[in-house]
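Sequential numbering of the sequence shown, starting at 1090, is according to the working numbering.
I should point out that these hints are in silico values taken from the structure, not numbers from a laboratory. Keep in mind that a hint or two might mislead.
Stated by the list, open to error - Here are the in silico distance ranges between beta carbons for each label pair: (1) Ile1146 - Phe1174: 18 to 24 Å; (2) Phe1145 - Gln1182: 16 to 22 Å; (3) Val1154 - Val1195: 20 to 26 Å; (4) Ile1146 - Cys1171: 28 to 34 Å.
Every residue gets a Cβ at the ideal spot worked out from N, C-alpha and C, and that includes glycine.
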Amino acid sequence: MLFAIIGFFAGIIGGMGMGGGTILIPALILLAGIDPRIAQSVNLLSSIPMTIIALFIHIKNKNVVLKLVIPIALFGVLGAVCGSFVANYISPQILKRVFGLFLLIVGSIEIKKGVSVPKNKNCPK
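Please model the complete structure; the sequences and the hints are all you need to start from.
So this is what it looks like as structure tokens:
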């Protein structure tokens, strides 16, 4: 049941475009005690169907610019291959710390953006 709940919330976050891995990976590591490399693998594999569905919806809504997608996807695949090889040589403790630091930095940036956004006078409160 725990995995179903984690998957549900990761799917919601992923569907909103924020990346379900930000929920899925820490939840699998902290709540289920899974090795970070396995958690990352589960995240990548589970994101395939969610990504395909989101892609079809975005294509239908004409939100995809292929001139941007193709180079990003090609270099993203190259980066994924390199990152997978590097992850095999790094200890799980270091991966946990690096991922935690990454989440802390991204979270801090998002909080800063949310706090420093000027209020629009035309928006209702």
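Status of the hints after comparison with the structure:
no.: 1; hint: Ile1146 - Phe1174: 18 to 24 Å; verdict: violated (33 Å)
no.: 2; hint: Phe1145 - Gln1182: 16 to 22 Å; verdict: violated (39 Å)
no.: 3; hint: Val1154 - Val1195: 20 to 26 Å; verdict: holds (24 Å)
no.: 4; hint: Ile1146 - Cys1171: 28 to 34 Å; verdict: holds (30 Å)
Consistency with the previously given hints fails for numbers 1 and 2, ordered from lowest to highest.
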